[in-house]
Amino acid sequence: MKFFFEPRGIAVVGATPSKEKGGNIIVSNLKKGYSGQIYPVNPRYREIEEFTCYPSILDVPDPVDLAIIFVSAQMVPQVIEACAQRKIPGAMIQSAGFSEIGTQGESLQQQVKQIADKTGIRLWGPNCMGLVDAKRKFIFSTVTPSIWDTGLTSGNVSMIAQSGMLAGAFLIDLISHGTIGIAKVCSIGNKMDVDENDLLEYLIDDPDTAAIGLYLESFADCRRFMKLSRSTTKPIVILNGGKTARGAAAALTHTASLSASGVIVSGAMAQAGVAEARGFYQLADYSKTLAMYPEITPESRNRVAVLTYTGAAGIVSADIMDEYGLVLSELSPATLDELQTVFPEWMPPSNPVDMWPGIILNGTKKTYGKAMDAVYADPDVDAVFVHCFVGGFNLEPDLEMMAQTARRAQKPLFCWISGERDPVHQFQISAQRLGIPVFREVLRAVECIGLLLNRIPVNDVSGLPDTIRETGKLDDDTCIRILEQESGELNEQVSKQVLATIGIPVVEEKCVSS
49 MKFFFEPRGI AVVGATPSKE KGGNIIVSNL KKGYSGQIYP VNPRYREIEE
99 FTCYPSILDV PDPVDLAIIF VSAQMVPQVI EACAQRKIPG AMIQSAGFSE
149 IGTQGESLQQ QVKQIADKTG IRLWGPNCMG LVDAKRKFIF STVTPSIWDT
199 GLTSGNVSMI AQSGMLAGAF LIDLISHGTI GIAKVCSIGN KMDVDENDLL
249 EYLIDDPDTA AIGLYLESFA DCRRFMKLSR STTKPIVILN GGKTARGAAA
299 ALTHTASLSA SGVIVSGAMA QAGVAEARGF YQLADYSKTL AMYPEITPES
349 RNRVAVLTYT GAAGIVSADI MDEYGLVLSE LSPATLDELQ TVFPEWMPPS
399 NPVDMWPGII LNGTKKTYGK AMDAVYADPD VDAVFVHCFV GGFNLEPDLE
449 MMAQTARRAQ KPLFCWISGE RDPVHQFQIS AQRLGIPVFR EVLRAVECIG
499 LLLNRIPVND VSGLPDTIRE TGKLDDDTCI RILEQESGEL NEQVSKQVLA
549 TIGIPVVEEK CVSS
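Per our numbering, the very first residue in the sequence shown carries number 49; after that it's consecutive.
Everything labelled a hint here was simulated from the structure, so no lab data went into it. Among the clues, some could well be false.
For lysine-lysine, the following DSSO-like pairs were computed, each having C-alpha atoms within a straight-line distance of at most 27 Å [unchecked claim]: (1) K69 x K80; (2) K50 x K275; (3) K79 x K183; (4) K161 x K135; (5) K67 x K80; (6) K413 x K282; (7) K79 x K185; (8) K185 x K282; (9) K80 x K50; (10) K459 x K414; (11) K282 x K183; (12) K459 x K418; (13) K50 x K183; (14) K80 x K183.
All chains should be modelled from the sequences, with the hints used to inform the complete structure.
This is the structure we're talking about:
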């Protein structure tokens, strides 16, 4: 898979000088960030974006490890044949018009797949937006060039998306808001050849990736997915589309995916230790949280100290925590005594710690600092949830101090932020760089604290068979014995085996042990 992520040279088949077209956007994105050789391919032009343009993929010089294809679907088979003839190891097919449009497109997709099977070339896509590597500044994609305006700040969360537009649009949203650091985004579309398991295996070994999020509408090989998930300590989060009847119907027209039952998928993911999200931002927030605190083990306790500037938010936090298996820490007498040094005498501190009276008496910096030191020193506190306000009331805490205190204690820190728009945005960006997960909703913050502190160890499924035992025909002697000696009703499995043995077609079945 390395040639997809670190190619020495890239040919863009379907390149064009027309700025608004995908073939030009791909070349422009490569020009801005990719350091290898770039070869536009289009017989109509001699030069595109200051690069020599070649009439055919066969005319492209060495080195070339990857072809990015953006031509009409009908042209793709001959292009793949030429890529294989040119000995290019991999191709990203970003063109649409395959299995997602119905029978005709499915036939075309099978034709391309047969070429790949025959020649050995690996295919990524079709109907996808390719790859974005934020750290290397590699954009092998038609994603809008405005993404460069965000600064393309990198992080350690990688995403795999069985979608095209979602990958591009969601990536721009996440990066431009500065609330999550992205390592890689892999849009695989119809996953004709390269699938989520191939990419998951690569990202598990990727040193730039600390956590992996996936949006999938179907599983290429669920058993392999589970095996890979159990093989790593890297956190994995999944959003599975098509878990309901209506969602499954929509998936058929999106990426031609046959979705599995939601109950079955949820059970399998729990068994593999994979966290499940129910929405796109929850997927991002879960992945961000687990990437920031990958060292938190399943044995961590669930006791949380809440530091707030408003009693109402403390009450709501406590209510929600109960729903997510979290408890308010019973602060020790020593902790309460330490907090009392910045509180007025008439207000004894408790958990949630309402810091407003202390702020009025001693100021924001001293009160937050003393409260952070006190609760982090308490052995009965496993995590701290701090409420912050920026842009007014002189309530903004010292983020650097908060991050240092949390790091010294080796206990996670979470923030809920509210306030004026621009200061909130800057606070989120600064916190992200310091490794502090920040949320705009108390509910989402508590969800993520619960996810982290209540992570369930991966079930021990080592005893399960690697293969599934298939049911089929019986030998003649066994069939005769059953028919002659058994009385009453036969169970469904045996009945179908008997019918299959005497030549009556039955539905293919497999017997599984879990």
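Broken hints, numbered, in rising order?
6
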